[in-house]
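Q: Residue strings, one per chain:
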Amino acid sequence: MANLAWKSFKGIPLVFTLIWIVAFSAALYLMDKSVIAFLGILSSIVLVYYTNASKTIKMVIGAVVLLLIIPLVAGENRYYMEVASQVGIYVAMALGLNIVVGFAGLLDLGYVAFFAAGAYAYAIFSTSQANEFIAGNLFPLSGEWFWPFLIVGLIVAAIFGILLGLPVLRVKGDYLAIVTLGFGEIIRIVFNNLDKPINITNGPQGITPIPSPELFGIKMGTPFYFYFIVLFVIAFIVLANIRFEHSRLGRAWIAVREDELAAQSMGISLLNTKLAAFALGASFAGVVGVIFAAKQTFIDPTSFTLMESIGILVMVILGGSGSIPGVVLGAAFVTILQVQLLKEFSNFLHGLQNAGIISLPNQLDPSKFQRLIFGIMLILVALYRPNGLIPAKRKKNDLDAIKNSEFGKEKLGILGRLSQLTSGKQS
Amino acid sequence: MINILPQVLVDGLTLGFMYAVVALGYTMVYGILEIINFAHGDIFMVGAFIGTEVLLISDALGALEGMNPFVALFITLIIAMVLTGALGVGIERVAYRPLRGAPRLVPLISAIGVSFLLQDLVRFTEALARNEFYLNSPALFTGSIPLGSIATIPTKGLIVIVIAIVMMIALTLFVNKTKWGIAMRAVAQDQSTASLMTINVNKVIMLTFLIGSSLGGATGVLFAQNYGTIDPYIGFILGLKAFTAAVLGGIGNLRGAMIGGVLLGLLESLSGAFMGPLTNGAFGAEYKDVFAFSILILVLLFKPEGLFGEAVKEKV
Amino acid sequence: MALLEAKNLTKRFGGLVANQDVSIGIEKGSITAVIGPNGAGKTTFFNMITGFYEPDEGEILLNGKSIKKLRPDQIASRGITRTFQNIRLFKEMTALENVMVGVHSRLSAGILGILFNSKRVRQEEERTRVEAYQLMEYVGIAHIANEAAGSLPYGLQRRLEIARAMATNPQIILLDEPAAGMNPRETVEMTDFIRRLKKELDLTIILIEHDMKLVMGLSEYIHVLDYGKKIAEGTPEQIRNNPNVIEAYLGKSASDVS
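Chains as they are written, first to last, in the numbering used here: chain A, 2 to 428; chain B, 8 to 323; chain C, 204 to 461.
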């Protein structure tokens with residue numbers, strides 16, 4: 002019965018979605034500190050996704066919420082914009098990893114290394130750090146260099162991806178997970194120790210002050226600006242995900258994921274196909290790394306641990322490996338859980354403690370529950386929802402469009418031999 | 008430089024034998040289920056904590072007073088092995104068995120989840136009980152044996168090596184001589200045929216986890232004795248290294264895992280000691296993990312069947 | 204000159220010799236069967252031809268050029284394709300997409316073209332969809348174009364696998380037990396279909412099959428393997444009366460054959 006009800010579910014009525022958005026916007030506008038109102042607005046994006054309306058209408062509403070309503074009602078509040086841009090950074094990273102894990106089925110446990118590559122690329126050259134190994138006192142660079150460095154970060158990370166991928170991707174199946182994990186650790190250790198013999202990364206001390214982005218003389222150092230920068234990057238990555246998913250390359254990725262041997266006998270080169278996924282996933286992480294460095298103004302190797310890689314993997318798997326809306330939801334959910342819900346819960350318990358109702362040892366602070374929660378989530382998802390919250394679905398092709406296509410006028414491919422043979426017989 | 012060599016070799020052997028026993032757990036489970044039991048390193052860690060707690064509590068009760076340290080260690084080992092063995096079987100039952108036949112990534116994800124869960128559970132338990140999660144284990148053996156005039160072997164290191172060798176011999180005998188050991192090898196070779204021969208595959212898998220986990224747990228106790236301080240995160244990296252050892256020796260191959268472990272321990276110890284001096288300080292001991300992972304990657308690339316494994320071609 | 208020539212192929216796995224000194228020549232446009240008892244090395248032979256195993260000794264020539272050292276995907280692009288004994292479809296993809304994957308190596312879309320959705324890429328995609336759909340029509344399964352491949356019944360999966368193989372635009376197609384698990388009516392349909400492939404599309408076909416009725420009725424030439432060695436070759440008539448073959452199939456199948 003429940004199944005039937007779900008099948009007949011046509012989507013949330015448009016009116017409901019609109020009322021929801023208006024209500025929570027008003028609530029947040031009136032009550033500046035209401036976390037619930039803020040979460041209500043963020044979750045309205047999920048609502049929009051499930052609303053029963055045409056694609057265009059949904060896109061317009063989504064854009065209005067993201068570009069107008071959130072900045073208008075929450076833009077004043079530095080903290081909310083900070084949370085929103087952090088959510089954005091993880092959504093972007095998860096979408097990058099989705100190409101590697103979701104589409105191509107390569108379990109990469111060292112993904113954060115590419116994030117680090119992008120972040121360090123900008124950090125080293127935008128601060129005086131680069132003077133340590135490049136003569137001429139050319140550095141630091143101004144914040145205007147942030148924009149070209151988005152591309153530089155992309156390219157550096159992509160090159161990293163290819164260099165790592167070339168050996169690593171020859172390794173099969175489960176071993177790949179271990180090898181990427183090993184490589185991720187190697188890179189972190191190298192960054193942590195590359196202050197000698199030549200000081201390139203400044204080792205464990207990290208690099209600061211990394212300049213904020215600048216455009217036409219405007220310093221864009223606040224979360225408000227980063228929110229828009231991240232949104233722009235996400236839009237680009239989502240578009241890329243959508244286009245790749247149903248392209249020649251996307252089909253090859255999924256073919257390799259489903260059955261390597263059959264894929265090869267279809268003429269798909271395993272190494273090239275995997276390498277493309279690895280390099281693309283890496284390059285998106287590189288871009289996000291540049292933004293991260295500029296936003297934090299300080300980076301050191303502790304931001305790029307295995308925990309980060311696993312966290313991003315949890316987002317992808319929880320949301321739905323290979324499913325674009327799923328991954329966005331997974332990333333948003335996990336990030337909010339980490340930066341907001343756990344903190345709120347922790348504050349709540351501290352409140353109780355201060356009131357003398359409970360006593361809470363510092364070690365049990367819920368904000369330290371991260372591994373426990375990730376662990377439980379991974380097990381539960383593997384057991385009960387291996388395809389994630391919003392499972393990936395392949396798009397059905399419009400068969401009428403195929404039948405009416407201009408290309409259908411002649412026989413294509415091997416069937417071209419049909420007409421040749423018959424015309425041969427006729428003449 | 009050469010005068011520290013014997014000491015470095017002794018340290019490397021101690022570490023290597025620990026890798027070897029933990030590697031056995033990885034290789035046994037992989038041999039039978041073809042999954043990387045990511046949580047195995049953490050079972051080792053739990054073993055270290057159980058052992059240390061047993062000793063700490065007995066110490067607090069005054070029970071260690073006057074007790075023969077060998078007897079104390081033996082009792083601690085048994086308790087740790089029983090509990091970690093049960094833990095391993097429980098993990099298999101809850102987190103792996105329901106996933107048999109699922110796509111290969113799924114059990115791996117579940118295993119990573121178990122690994123994280125164990126780390127935090129231990130941390131919380133210790134934080135609640137002792138208000139800190141770094142534990143110092145009471146040392147049962149403090150003496151050392153001089154090895155000529157060139158090096159000294161700490162007694163605890165020697166004990167680690169001896170117990171590791173005893174466990175390895177016991178396992179080898181079990182696998183080769185007993186009915187259940189032969190059943191295990193049969194299941195590793197061909198699960199469906201083995202089940203046709205009326206071997207209870209589920210029982211064999213449980214047994215594999217029981218033995219592998221209890222060996223891992225015992226190694227945890229030895230680790231705590233040898234290094235003194237433990238924390239909930241020791242299992243992850245050590246597990247990774249032990250897995251490297253298993254791959255190095257040829258995964259699924261017991262003898263290979265043992266040799267791979269010892270080899271890796273020696274290599275790591277040597278590289279840690281001599282990389283700095285050899286590169287004039289440019290790359291020091293901090294790169295020893297890089298060294299271990301590089302070995303893993305090189306082996307997987309050029310000899311994926313390991314040093315002692317047989318080349319297996321994927322079935323088409 | 205034969206289209207495909209396997210010369211003195213030997214493949215060993217540890218102590219086991221899976222193929223020993225096997226030489227088989229395939230003429231263009233022929234239907235050739237490779238038969239033999241279970242474990243005779245038939246699939247190993249297919250795996251060497253399609254590049255999944257590299258032979259320890261011997262040579263494989265396609266149009267006189269060696270393909271022995273090529274990877275499976277390179278061999279596929281050179282016009283040799285196959286189906287698998289235990290059907291290997293891309294289960295999560297739709298049937299149409301499975302066939303589209305077969306067109307892969309004849310497409311040119313690159314990363315930037317896909318990213319910017321260039322006109323050329325859009326046209327190429329449309330053309331690929333049409334080509335895949337035409338193939339499904341030809342094989343008679345166009346009605347399931349949008350179904351997930353993994354959810355199809357067995358018989359349709361077999362046909363889909365052949366459609367997918369045809370999409371690579373091969374010269375030679377290797378069918379590994381195409382009629383396995385089929386009932387007599389389906390087997391007859393499959394036989395007719397394979398014959399059509401040769402007649403209408405000028406395809407060269409090599410097949411492994413246990414169903415002797417199908418083999419004898421369909422193939423023009425037969426090679427018999429036993430314990431990794433070739434023990435006989437000839438027309439169905441010759442094979443039927445070859446004492447070596449009857450011995451290899453001893454008893455049970457010997458009566459079937461005669």
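Be a bit skeptical, because a hint or two may be false.
[Stated by the list, open to error] These stretches of chain A come out as covered by chain C in the derived footprint (C-beta under 8 Å, 3 or more residues):
no., region
1, 153-161
2, 269-277
3, 301-308
4, 390-399
5, 402-413
[Stated by the list, open to error] Sample of chain B residues with no beta-carbon within 10 Å of chain A, all distances over it, derived:
no., residue
6, Ile-42
7, Pro-105
8, Ile-116
9, Ser-117
10, Val-121
11, Ala-177
12, Gly-188
13, Ser-301
14, Pro-311
Derived from the structure by calculation, the hints contain no laboratory data.
Beta carbons: idealized from backbone N, C-alpha and C, even for Gly.
Q: The structure should be examined with respect to each hint, and the outcome stated for every one.
A: So, going through the hints one by one against the coordinates:
no. : hint    : in the structure
1   : 153-161 : violated (count 0)
2   : 269-277 : holds (count 4)
3   : 301-308 : violated (count 0)
4   : 390-399 : holds (count 4)
5   : 402-413 : holds (count 7)
6   : Ile-42  : violated, 7 Å
7   : Pro-105 : violated, 6 Å
8   : Ile-116 : violated, 5 Å
9   : Ser-117 : violated, 4 Å
10  : Val-121 : violated, 6 Å
11  : Ala-177 : holds, 28 Å
12  : Gly-188 : holds, 26 Å
13  : Ser-301 : violated, 7 Å
14  : Pro-311 : violated, 7 Å
Comparing the model with each earlier hint shows violations of hints 1, 3, 6, 7, 8, 9, 10, 13 and 14; every other hint is respected.
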